[in-house]
Structure formats: structure tokens, C-alpha cells
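A.B. asks: Chains as they are written, first to last, in the working numbering: chain A, 1 to 180; chain B, 1 to 296.
The hints are simulated quantities; they were obtained by calculation from the structure and are not laboratory data.
All residues carry an ideal CB built from backbone N, CA and C; glycine is no exception.
A few of these clues could be false.
Claimed, not checked - Pair by pair, the computed Cβ-Cβ distance ranges are: (1) B:Leu35 <-> A:Glu75: 19 to 29 Å; (2) B:Gln40 <-> A:Pro57: 48 to 58 Å; (3) A:Gln117 <-> B:Lys43: 28 to 38 Å.
Unchecked claim - Reference excerpt, derived from the structure (chain A facing chain B, CB under 8 Å, subset only): (4) Asp22; (5) Leu23; (6) Leu26; (7) Ile28; (8) Lys29; (9) Leu30; (10) Ile33; (11) Glu75; (12) Ala96; (13) Thr97; (14) Asp100; (15) Ile111; (16) Tyr114.
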Amino acid sequence: MRKKKAAAEAAAVPKQPSLRSDLLALLIKLMVIAAALFLLERFVFGVCSVRGNDMAPSIRDRDLAVYYRLDHTYEVRDVVAVRNRDGTLSILRVVATAGDRVDITSDGLRINGYYQQEDYAAGETLAFVGGAVYPITLADGEVFVLGDNRENAVDSRYYGPVRTDDLLGKIITTIRRRDF
Amino acid sequence: MRSAGRRIVAVIDEAINLIVLTVVLALFLFGAYILWDSGQIAKEADAVRYAQYKPTESEHLTFSQLCERNPDVFGWLTVDDTKIDYPVVQGADNFEYINLSAEREFSLSGSIFLDFRNSREMTDRVSIFYGHHMERDNMFGCFDAFADEDFFAAHQTGSLFYNGQNHALRIFAFLRADGYDQTVYAPETSDAESGAYLRGLLELAEQKSDALPEEGERIVLLSTCASSETNGRMILAAAVSARPEPAAADTAAQAARRHSLWGIPYAVWIALVLLVLLLTIYWRHRKSNAKKESSR
Numbered sequence: 001m002r003k004k005k006a007a008a009e010a011a012a013v014p015k016q017p018s019l020r021s022d023l024l025a026l027l028i029k030l031m032v033i034a035a036a037l038f039l040l041e042r043f044v045f046g047v048c049s050v051r052g053n054d055m056a057p058s059i060r061d062r063d064l065a066v067y068y069r070l071d072h073t074y075e076v077r078d079v080v081a082v083r084n085r086d087g088t089l090s091i092l093r094v095v096a097t098a099g100d101r102v103d104i105t106s107d108g109l110r111i112n113g114y115y116q117q118e119d120y121a122a123g124e125t126l127a128f129v130g131g132a133v134y135p136i137t138l139a140d141g142e143v144f145v146l147g148d149n150r151e152n153a154v155d156s157r158y159y160g161p162v163r164t165d166d167l168l169g170k171i172i173t174t175i176r177r178r179d180f
Numbered sequence: 001m002r003s004a005g006r007r008i009v010a011v012i013d014e015a016i017n018l019i020v021l022t023v024v025l026a027l028f029l030f031g032a033y034i035l036w037d038s039g040q041i042a043k044e045a046d047a048v049r050y051a052q053y054k055p056t057e058s059e060h061l062t063f064s065q066l067c068e069r070n071p072d073v074f075g076w077l078t079v080d081d082t083k084i085d086y087p088v089v090q091g092a093d094n095f096e097y098i099n100l101s102a103e104r105e106f107s108l109s110g111s112i113f114l115d116f117r118n119s120r121e122m123t124d125r126v127s128i129f130y131g132h133h134m135e136r137d138n139m140f141g142c143f144d145a146f147a148d149e150d151f152f153a154a155h156q157t158g159s160l161f162y163n164g165q166n167h168a169l170r171i172f173a174f175l176r177a178d179g180y181d182q183t184v185y186a187p188e189t190s191d192a193e194s195g196a197y198l199r200g201l202l203e204l205a206e207q208k209s210d211a212l213p214e215e216g217e218r219i220v221l222l223s224t225c226a227s228s229e230t231n232g233r234m235i236l237a238a239a240v241s242a243r244p245e246p247a248a249a250d251t252a253a254q255a256a257r258r259h260s261l262w263g264i265p266y267a268v269w270i271a272l273v274l275l276v277l278l279l280t281i282y283w284r285h286r287k288s289n290a291k292k293e294s295s296r
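Take the sequences, apply the hints, and build the full model.
C.D. replies: Here it is as C-alpha cells:
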């Protein structure tokens, strides 16, 4: 860019550019950078500061989470950013996808008739009183999401299956700077 | 001479360039780390890494070295013309070798391991091997391809080395099942139940050959995850022949080592000796020439 400018100057009458044109160029550059960052954040990646310990110990309160917005093929074990009705974000894990039959009994989580061994889950998986009614067969475009911190998380046991349209993306990186 | 205002703008402009460059560089470095990291994981899982240990016609020594290093190693699994060519282990439970290599080092890719309930002598009706479903066809990463009829038809042979002898494997079915399905994952199937068990497998089969296991033949399942379905598993079912057969031919790594000294192939040694010889001759020639020159 600078080279081009220099070439243009050499070709034209050698005239000193004004302060105003320099400022304008700077402003345009800043705007282009800001626009690029905005578009990247809006459409490709999302960044959020996690609130709450739904996913502890994997992800904790105030971890910085980066999610990828463009991959919408959700599979079991994926950790996703869920848009709540009140506009806030929850980070939770997909435990069942379309077509799966989800049941939660006093013995824990049961999917397609089999109790699950989950190495990532902490605590007992029990149903919320007054929450979702089991068994649930997930329709197309639905997933069942649970927090790893099973005894404290607010998740699909509370509000039922989530539509994939309400998933903002898959978590690809988390950055933690306290409580390791 | 530029005005003070223009100079300030130029400094700010430079600063912004620097910041953008720093951020892009940082992201680039992070990206490079990610690529390096996945490359490392794939390398750990690559069959090439274990080729030096493979028990072959002329060499059982390296395999026994591996067994000595890790007594849980008891055999070798090969599916012809795929990347499946690994030592097999058996742990105290079915979790031990999920993230442990056959050399007993931590490794995300783990090992190919036999169900802890099975016998290492392969005397059970049904023996089950598990392996990770990995990228680049490592471990049991190539199983997806068996869903294709032509691929399945072209890849039905393999071998299983155990008890110090090689045994032929004949793959007869490719199927999908739920990982919790006890009717498929039944390593304790008895002789009496084996007929019903086989029928159950074939019901689930997506691909099957005509060469079904005969009466008395033992069944080996090779199982890996299919991440697209909840608890989905992909399974290759094979019949293992009771009669031993000759061991595999030497791997390239073993052949290379046998034709080498201290890890350097003989050809390189010969080339080196020749080079030193040539240099000596050349040097002496020059020296004698120089003497002649000076004596003149």
C-alpha cells in the first residue's frame, strides 16, 4: 500500500499531502481492521467469558471460551455454546442427538435403553423436579445438553431438549487464568 | 519538512501496523502449535512406529523385546492392505489402554487391546479387540471405508499373531452397533450360544461375505467408535483359523536394520569408505604435485 502511494506521488506533481488526508487514511485503516474483527467475531468465531460452573471441572466460571460458529454437525461429547431465552450464554455438553431416546432415572442417564458411562461427568445425574418429563425421543434438529457438573448445572433436565438453531457453535478453545 | 501533526499521525499509523502484525503473528504461532500437536498425535498412532517390533519370519527377537518391556503385549494384529498392523495388548480392565501405548507410555491414541474378560490364547468363542477411530486411517481409523461394498470385498484377509504363531483372519462382516449392546459385546459367549450370536451379528451386518465362520471356528471382533451416532460403534467381524500359518515377511524397517551397522545402512558405510579413500588419494596426489612444483 505504501509503495503504491509512493508511486502515485512520484507520478503526480510532487505536492505535500495534507494532515487531513493522512488522518483520513488512518481512519480508513482503523475502520477496515475493526470491520474485519467484527465480521470474524460475528460470523466465524465467537468469544465469551463463561459464567457459572455448569461445566466444572472442564470449564469454570470466568474462563474465556472461543467457539466456532460454522460447523453445525453436533455429535455426542461436543461442548457447545447455547443461547438461553434471556439472551445469556450457557456452555454445556451434548449427550444425545436427533433420534435418540433420553431417560433419566434414579440410576442416572439412560440413552437408547443403556445407562451411560461418562468419564467427563461429575456427580449423580438426576432429574429436576418440575423439569423435563422422561423418556424423551429427540426430534430432528434437537439435542439434549447437560453440564458436566451434574449436581449443579442448569441444562436440558430443566428446560428440555434444545434446538440446534439455538446453539451458537462448538467450543474449540478455553483459556483459564485462575483456579487451575 | 513534515508538520508536527503529520508526524504524530505517522507514529500512530506505525503503532497500529505493529499491533496488527503482533496479533496476526500470535495467532499464526498458535495455529502452528495446533498443527504440530495434531501431527504428533497422529505420529504416535502410526503403525510405522511399531513396525520395528513386528514378529516376522526371521525375527521374533524385537517382538519379545517389546513383550519384555510390557508384559501386557501378547500378539500382533494385521489387516492386509490397510494401516492396521499393530501389537495387541490386554489390560486389567477395558480402560487401561485407552490412553496408553503398547510401550506403556501415555498416548492419546492408546493401543489396540483385547477385552479384559477374554483369554490371550484366543480360546474364547468370541474375542473382542478395541481401538481408537483416528484421523489419517491410524489405529482403527479406516473402518468407515468398509461400509463400501468394493472396499469390503477387497479387504477380507489379515492375520493375528498369538502364542508365538501366526493365524489367518478372514473378515466376514462389517456392522454398526450400540456400544452398550450386550448382545454384540459378549466376550463370554459359550459354545452353545455361538450360533445365535452369529445370527445376531449378521442381522446387524451392513456388509457380509459368503465365507461365514464354520462350526468350531472362533470369532474375533474389531471394534471402534463411530462418532456420528450416539454411542455408535463400527465393527469388523472375522473368523480366526485354528491352524498356524507362516509368519509375515519382514517389514521394511526390519530389513533396513538387518542390512545396517549402528543404524546406518551398509550402502552408506561403503559410500563413506569410498569417499575417504578418494579424498586421501586426491590429497596425496596434490601433495606430490606440490613437491614437484617446488623442486623445479
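A.B. asks: Note whether the CB distance of glutamine 40 of chain B and proline 57 of chain A lies within 48 to 58 Å or breaks it.
C.D. replies: Taking Cβ atoms as reference, glutamine 40 of chain B and proline 57 of chain A lie about 25 Å apart, which means the hint is violated.
A.B. asks: At a threshold of 8 Å, is the proposed contact between threonine 97 of chain A and chain B supported by beta-carbon distances?
C.D. replies: At 6 Å from the nearest chain B Cβ, threonine 97 of chain A passes the 8 Å test, so the hint holds.
A.B. asks: Would the stated hint for aspartate 22 of chain A survive a check requiring a Cβ distance to chain B of less than 8 Å?
C.D. replies: The hint holds - aspartate 22 of chain A has a Cβ within 8 Å of chain B, the shortest such distance being about 5 Å.
A.B. asks: Grab the minimum C-beta distance from tyrosine 114 of chain A to chain B and call the hint holds if it beats 8 Å, violated otherwise.
C.D. replies: It holds, given that the least Cβ distance between tyrosine 114 of chain A and chain B is near 3 Å, below 8 Å.
A.B. asks: Return holds or violated for the Cβ distance of glutamine 117 of chain A and lysine 43 of chain B against the range 28 to 38 Å.
C.D. replies: holds, 29 Å
A.B. asks: Holds or violated: is the Cβ of alanine 96 of chain A closer than 8 Å to a Cβ in chain B?
C.D. replies: holds, 5 Å
A.B. asks: Per the CB criterion, is leucine 30 of chain A less than 8 Å away from chain B?
C.D. replies: Holds, because the Cβ-Cβ distance from leucine 30 of chain A to chain B comes to roughly 7 Å (cut-off 8 Å).
A.B. asks: Would you check whether aspartate 100 of chain A satisfies its interface hint, that is, whether its CB is within less than 8 Å of any CB in chain B?
C.D. replies: holds, 5 Å
A.B. asks: Min Cβ distance, isoleucine 28 of chain A to chain B: is it shorter than 8 Å?
C.D. replies: Violated, about 11 Å.
A.B. asks: Can you tell me whether the CB distance of leucine 35 of chain B to glutamate 75 of chain A sits inside 19 to 29 Å?
C.D. replies: About 23 Å separates the Cβ atoms of leucine 35 of chain B and glutamate 75 of chain A, which means 19 to 29 Å holds.
A.B. asks: Min Cβ distance, lysine 29 of chain A to chain B: is it shorter than 8 Å?
C.D. replies: holds, 7 Å
A.B. asks: Would you check whether leucine 23 of chain A satisfies its interface hint, that is, whether its CB is within less than 8 Å of any CB in chain B?
C.D. replies: With Cβ-Cβ at 6 Å, under 8 Å, it holds.
Hint compliance for this structure: hints 2, 7 are broken, all remaining hints hold.
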